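Visitor: If you want the building blocks of each chain, they are given just below.
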Amino acid sequence: MRTALALVMAFMALVLSFTPGCKDKDPDPQAANEIKIGVFLSLSDANADFGKTTLNGIQLAVDEINEKGGVNGKKLVLVTKDTRSSPEQAQTVAKELATQDKVAVAIGSVESGQSIKAAPVFQEAGIPMVSPSSTNPEVTKQGDCIFRVCYLDDFQGASCAAFAYKDLEFRKAAIIFAQDDDYSKGLADFFRKSFTALGGTIVEEAAFQGKASEFKDQVTKIAAANPDVIFAPVYYGSIGLIARDFRKQGVKAPLLGGDGWESPQLIQLAGETLEGCYFGYHYDPEDSDPKVQGYLKAYKAKFNTEPNSLSALGYDAVYTVVKAIELGGGDTSAQIKDGLTKIKDFHGVTGTYSIDSGRNAQKAITMLKIGGTDLKKVKVIQPSDIK
Amino acid sequence: MARTIAIFLAALAGCYGLNWFLAEFIEVVYVDYLNLIGIAIILAVSLNVVNGLTGQFSLGHAGFMAVGAFVASPISIWLTYGEFESGPLAHASLLHFGLALLACGVGAALVGVVVGAPALRLKGDYLAIATLGFGEITRIMLQSQDILGGPTGLKRIPKMPQLPGTAGWDGGTSTFWIFLVVAVLVILTVRLQRSTFGRALIAIRENELAAETMGIRSSRMKVMAFVYGAFFAGIAGALFAHYQHSVRPDDFTAVRSIGVVVMLVLGGLGSVTGAITGAVFVTLLPIMLRPVEESLASSGTPITGLSMIVYALLLIAFMIFRPQGIFGQRELSLKLLRSWVPSAVRGKGGKP
Chain A
1 MRTALALVMA
11 FMALVLSFTP
21 GCKDKDPDPQ
31 AANEIKIGVF
41 LSLSDANADF
51 GKTTLNGIQL
61 AVDEINEKGG
71 VNGKKLVLVT
81 KDTRSSPEQA
91 QTVAKELATQ
101 DKVAVAIGSV
111 ESGQSIKAAP
121 VFQEAGIPMV
131 SPSSTNPEVT
141 KQGDCIFRVC
151 YLDDFQGASC
161 AAFAYKDLEF
171 RKAAIIFAQD
181 DDYSKGLADF
191 FRKSFTALGG
201 TIVEEAAFQG
211 KASEFKDQVT
221 KIAAANPDVI
231 FAPVYYGSIG
241 LIARDFRKQG
251 VKAPLLGGDG
261 WESPQLIQLA
271 GETLEGCYFG
281 YHYDPEDSDP
291 KVQGYLKAYK
301 AKFNTEPNSL
311 SALGYDAVYT
321 VVKAIELGGG
331 DTSAQIKDGL
341 TKIKDFHGVT
351 GTYSIDSGRN
361 AQKAITMLKI
371 GGTDLKKVKV
381 IQPSDIK
Chain B
1001 MARTIAIFLA
1011 ALAGCYGLNW
1021 FLAEFIEVVY
1031 VDYLNLIGIA
1041 IILAVSLNVV
1051 NGLTGQFSLG
1061 HAGFMAVGAF
1071 VASPISIWLT
1081 YGEFESGPLA
1091 HASLLHFGLA
1101 LLACGVGAAL
1111 VGVVVGAPAL
1121 RLKGDYLAIA
1131 TLGFGEITRI
1141 MLQSQDILGG
1151 PTGLKRIPKM
1161 PQLPGTAGWD
1171 GGTSTFWIFL
1181 VVAVLVILTV
1191 RLQRSTFGRA
1201 LIAIRENELA
1211 AETMGIRSSR
1221 MKVMAFVYGA
1231 FFAGIAGALF
1241 AHYQHSVRPD
1251 DFTAVRSIGV
1261 VVMLVLGGLG
1271 SVTGAITGAV
1281 FVTLLPIMLR
1291 PVEESLASSG
1301 TPITGLSMIV
1311 YALLLIAFMI
1321 FRPQGIFGQR
1331 ELSLKLLRSW
1341 VPSAVRGKGG
1351 KP
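Those sequence lines, one after another, are chains A and B.
Heads up: the first sequence begins at 1 in the numbering used here, then just goes up one per residue.
Heads up: the second sequence begins at 1001 in the numbering used here, then just goes up one per residue.
This is chain A alone, in the form it adopts within the complex:
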């Protein structure tokens, strides 16, 4: 009985220690002259790179807008939270953004796993969430408040298949992918489906665990099947090693990948081994469009580094939200959500896109070819090209 009493007392102490967190009964959480944008990204741990480059893009856009006097005379204010590269933490910070900071709209995250965990929170709070670069189809299916400004893995996989079959005229493909990674496995599945539907054959498949650094077995298996092209939907950290192992075994077939390859260090990491390989990307950095060149210049001037597609998507996410405020007729969560559904032919750095009824951006994918030390645009595939 004594123990029970002590337990109850200790528990009461614990609960009482929470009293500083009493509910704020303030009816007007948002200051009249600002619009709060919540941002949740991996700013530390494994994927810190993803978060930091995206945040740069977001920051650049917000600064540009505020310099021009903000939106309807209101300044944009960023509330940034670090998800520590953990989906679980993403849900916790999403709760903070939704209930404590009471943001009008949220932008995040890069990793689909984090976006999927955060989505129910924003859905419950009725706050629109815009993911800049989560490509997993499941993300926006979590509710009618969840949007994104990038293309989806199914489109990306199908585009790569169509590109390999129709443009490069390859008939025998092999796939190497990370079995425990949603991005890699998803793309592999969609590629397989589309490529066989077009009439091609998948001659061999080899899977590995996400953190592998040695691909000899997989490479040997694929080399034996003698494919025309090897689809490798992996992240930039692995592709250099995979390419090296293929070339070592004398496999000359080009590798083909998705936006995960993209990194300023890609050429360094992979060296000559990726010469003549292709990957799908969000935009063409060589595009003469003033919007693209203006963004690239402003980014380099502000951060003194090369931007990547994640920064561009973060940048576009902010401008898309601003456009939504205009279309929705105001800056409350409901109005922004309404505005987001009306985005049509929006001209951004990463192309011209509309938000469809599934709350996804309908936009083109740019296939790039790696040659020597630079990337060359080979083809732009529109959503209408893929049926």
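It is possible that part of the hints are untrue.
Below are the EDC-like pairs computed for lysine to aspartate or glutamate, each with C-alpha atoms no more than 20 Å apart in a straight line [claimed, not checked]:
#	chain 1	residue 1	chain 2	residue 2
1	A	K102	B	E1024
2	A	K211	B	E1136
3	A	K297	A	D284
4	A	K141	A	D154
It should be emphasised that the hints constitute simulated quantities derived from the structure, not laboratory data.
All of these numbers come straight from a predicted model, not from anything done at the bench.
Position chain B against the provided structure of chain A, taking the given hints into account.
Guide: For chain B alone, coordinates are given in the frame of chain A:
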């Protein structure tokens, strides 16, 4: 018997009161912390029966959690929506939720028998490695199950059942369900400790050979303790999944298993109150260190994973200065608190 029923009723009322109070007056993020603490307590107290009371070193708790989560979630998704398509969330009904919890507990317990019966023949480090292996195998096997969502896992897991008179964030009932399980588990475990069964477990911990000569069937007892732990770890997994509304195999890495063991080591292996203290402490530490980390980062010297460094330092400090943990094998009681006050402070009135 009447007393037991009274205690359970009191726990029920207490949880309802707590839930109502929190939903009404406290910020959602703080309630969130408390709910996460609740789940951690379930894990720590259930593992304590294996690691603390019986003295077997298991590192597979996250594996059982995963089994629980991936048994309960499909059941309650299917019963609630009748399909596996994504869409808006709904509340599970009381019956469906109860069925899912029961199924996941039983599922995890069955896995506990299958794993425990052979593994518990191993001792010490070997058992730790075997159970660690079990956890990792479970995670990797789940990743390759397309029917369970593969590496992305399951989504749209229903909210916990509604209660009369509660409203607010997420239906505002998670705290009630989580702490109801905490209460049931703590009451059962305290009772268990004092029972013949509990005494037998302690005897095995102290000296297995001696216990066997006294007629205790040690392998059977060990498996039973293991299954008890697995049952509640499974339920913790299910609660976690329903609380987060989505679950992925990677939520249950070996790091989580080790985290539970850290809770026990800090709180005191073999003590229920120690396990609870450890769970509270280990869950709150990274949350409390976050402002520190953020201010460090903004001042230009970011330390990534400060909480990990603090954990390590704390563990080392504990191993040097208090290897038995905060409570050792004792329970929090007024007597223990008194014994902690130095006799000089207690004055002459302390002892005649």
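Visitor: Looking back at the numbered hints, which does the structure fail to meet, lowest number first?
Guide: none
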